[in-house]
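**Q** Sequence:
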Amino acid sequence: MEGEGPRVLYIDDDPGLVRLVGRTLAARGYAVEHASDPEQGLARIRAGGIAAVALDHHMPGRTGLDVLAMIRALPDPPPVIYVTGSEDSHVAVAALKGGAADYVWKDIEGHFRELLAEALGNALEQARLRREAARAQEEVARLNALLSAQVDERTRERDRLWRLSRDLFAVIGFDGRLRSVNPAAEAILARPLGQIEGEDFRRFVHPDDRPAAEETHARLVQGQAILGFEMRFGRPDGSWRHLAWTAVSEEGLIYGTARDVTDQRALEEQLRQAQRIEALGQLTGGIAHDFNNLLQGVSGSLELIRRRADDPARVRALAEAGLEAASRGARLTAQLLAFSRDQRLEERAVAPDALVEGMQDLLERTLGPLVTVRIRVGAAGVTVISDPTQLEMAILNLAINARDAMPEGGAITIATRLLQIAEDPELPPGDYVDLSVADEGMGMPPEVAARAFEPFFTTKGRGAARGLGLSQVFGIARLGGGTARIETEMGRGTTVRLLLRCCKGAAVSEGPPSPQSGTLGRSATILVVDDDAGVRRLLGEQAALLGAHSELAADGPSALEALRRGRPDLLLVDYAMPGMTGAELVREARRLWPGLPVVFATGYADSQAIEEAAGGSARILRKPFRLSDLAEALRAALEEAPPQGAAQTVPDPQRQPG
1 MEGEGPRVLY
11 IDDDPGLVRL
21 VGRTLAARGY
31 AVEHASDPEQ
41 GLARIRAGGI
51 AAVALDHHMP
61 GRTGLDVLAM
71 IRALPDPPPV
81 IYVTGSEDSH
91 VAVAALKGGA
101 ADYVWKDIEG
111 HFRELLAEAL
121 GNALEQARLR
131 REAARAQEEV
141 ARLNALLSAQ
151 VDERTRERDR
161 LWRLSRDLFA
171 VIGFDGRLRS
181 VNPAAEAILA
191 RPLGQIEGED
201 FRRFVHPDDR
211 PAAEETHARL
221 VQGQAILGFE
231 MRFGRPDGSW
241 RHLAWTAVSE
251 EGLIYGTARD
261 VTDQRALEEQ
271 LRQAQRIEAL
281 GQLTGGIAHD
291 FNNLLQGVSG
301 SLELIRRRAD
311 DPARVRALAE
321 AGLEAASRGA
331 RLTAQLLAFS
341 RDQRLEERAV
351 APDALVEGMQ
361 DLLERTLGPL
371 VTVRIRVGAA
381 GVTVISDPTQ
391 LEMAILNLAI
401 NARDAMPEGG
411 AITIATRLLQ
421 IAEDPELPPG
431 DYVDLSVADE
441 GMGMPPEVAA
451 RAFEPFFTTK
461 GRGAARGLGL
471 SQVFGIARLG
481 GGTARIETEM
491 GRGTTVRLLL
501 RCCKGAAVSE
511 GPPSPQSGTL
521 GRSATILVVD
531 DDAGVRRLLG
541 EQAALLGAHS
551 ELAADGPSAL
561 EALRRGRPDL
571 LLVDYAMPGM
581 TGAELVREAR
591 RLWPGLPVVF
601 ATGYADSQAI
611 EEAAGGSARI
621 LRKPFRLSDL
631 AEALRAALEE
641 APPQGAAQTV
651 PDPQRQPG
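If you're matching positions, the sequence shown starts at 1 in this note's numbering and goes up one per residue.
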């Protein structure tokens, strides 16, 4: 054995040639061992440690090809370089076919020894590469198996999530059809999967939400990801579920997930209602003072009218003063009802300067003596789209928040100014009114200010929250296409800005009471129904003053008796009455007399509830109202439903001449 490099076994029965080859290979760094016959060589290979074999063709009793076959039959055989002195090329070809890594021709000059060393080096390098390739393949196979296991587990997790999630998962085609939904869809939509999959999702969307749904679907088809949009989906029983969606599109499909937030929205609404009720305590003192002043104006005017009955000019002036006080009381009541109830918003053109200036007395009485209220208006002649009562409530709540931020008192500045916006991430370009409420209080930390407009989040301590809450103020600002923002600095105060989009319409003004109310312009018989005797009698007198005949009824059953006797031209009815409500009476009346014109004269706050109960085809007068308002409502109702011939009536003792 020679050398310390890769161990090579040379199998040859020629001792002299073995020595020469051994020297050459040793000089090239190989450790060379010798075997003189095939059996000895095979035994050494089986013993292990041999990196390569040089095998001579001529062997006693057999050829090298036979030995090559036996070596290749061993487990994990080393590479073999076949050495032959035969010039027959068939021997070399047979050796290569038998599995030899290479072959070398013996020559007389002995050059083959160097060629053998090179061939052994190449064979060892190829063997190393094969081993590394095998190890790499094993590693790839191991990683593939691991990846496959992970994919299988992820697939099982996805399938479990798909099956068990309480959120709705949906795969929707670009045509809008629901390709696949998870089992949660059955619970949320109260329908079997067979009635959901394959249907166009728009079939389930609330009619009011369909325009937004179409726009969102178009954006998804264009490749946009849409996060956090809501739509109402219908159930077979006619109820609607609020679903908060997130959706993306990929390869011709839309993948969406929706959470049922119906209960959450109901809780938010309950919270808003509770906040409104809680905030009434903040208003009680100022409103009681205002109401006492109004009642004094009404009662004082009536008493003086009684004493000055012989002075017509003075009586008229006193009557106008009393009517103005009553009108102010009606507006104050409307504010209270809007604040404490969940009323439908009434959007219209509002002059912010006039609205802010008109609130100064209420603000000063509500906020108390420690607070100075400064009004600075700078948006004269400009209107915005909003619900005036809700906008007043937003300003009032911002002022209450500002006062609470100044426990020792200070100044609150409520200001308006015109603002032109060219570029803004939230708002389209245009003209805006910047309505701000600023205090000199303690300010907010940045992390509090960042969340101030979130529902259920309060900027105050536990138990101190009251009013609409900043999230509702933000919603009121968004009503007319605007937004709300907070500027605050610890120790230097807070300013809340409502950016309200300007509109071209003129502000709606209630105007002073008109002393001339005119007539209905035609003869008419009006059935007046009200459970309050004083109101019933007054409505009859007012109808007579307008040139109409009136018949009075104290409740629904009495009114039905009158209706069975004949058809009046119009039904003037209260909504909230004991026993049979006004809406129930109207339904019965229209069974008797289809198309009968109806005007509700009511102090009930929720116009939407009245319209729904009456089928949406009745006019509504809010008590208290002026004679001119009554005349306008009666004229409009009669014009919309022309008389259908003379009413067939039986004289009644309560009937009053016009």
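Any given hint could turn out to be false.
Unchecked claim - As a list, the in silico EDC-like pairs of lysine to aspartate or glutamate whose alpha-carbon atoms are at most 20 Å apart:
1. Lys106 x Asp208
2. Lys97 x Asp13
3. Lys623 x Asp434
4. Lys106 x Glu87
5. Lys504 x Asp555
6. Lys97 x Glu114
7. Lys623 x Glu561
8. Lys97 x Glu109
9. Lys504 x Glu347
10. Lys106 x Asp13
11. Lys623 x Glu324
12. Lys623 x Glu541
13. Lys97 x Asp66
14. Lys623 x Asp555
15. Lys504 x Asp387
16. Lys106 x Asp88
17. Lys106 x Asp167
18. Lys623 x Asp532
19. Lys504 x Glu487
Stated by the list, open to error - Per label pair, the in silico range of CB-to-CB distance:
20. Asp532 x Met490: 52 to 60 Å
21. Ala636 x Asp310: 34 to 42 Å
22. Ser36 x Ala133: 44 to 52 Å
23. Ala319 x Lys504: 48 to 56 Å
24. Pro192 x Ala133: 54 to 62 Å
25. Gly534 x Pro429: 53 to 61 Å
If you are wondering where the hints come from, they were derived from the structure by calculation, not from laboratory data.
These numbers were taken from a predicted model, which means no experiment stands behind them.
Using N, Cα and C, we set each Cβ at its ideal position, and we do this for glycine too.
**Q** Quick one: which hint numbers does this structure break? Sort them smallest to largest.
**A** Violated: hints 1, 2, 3, 5, 6, 7, 8, 17, 19, 22, 23.
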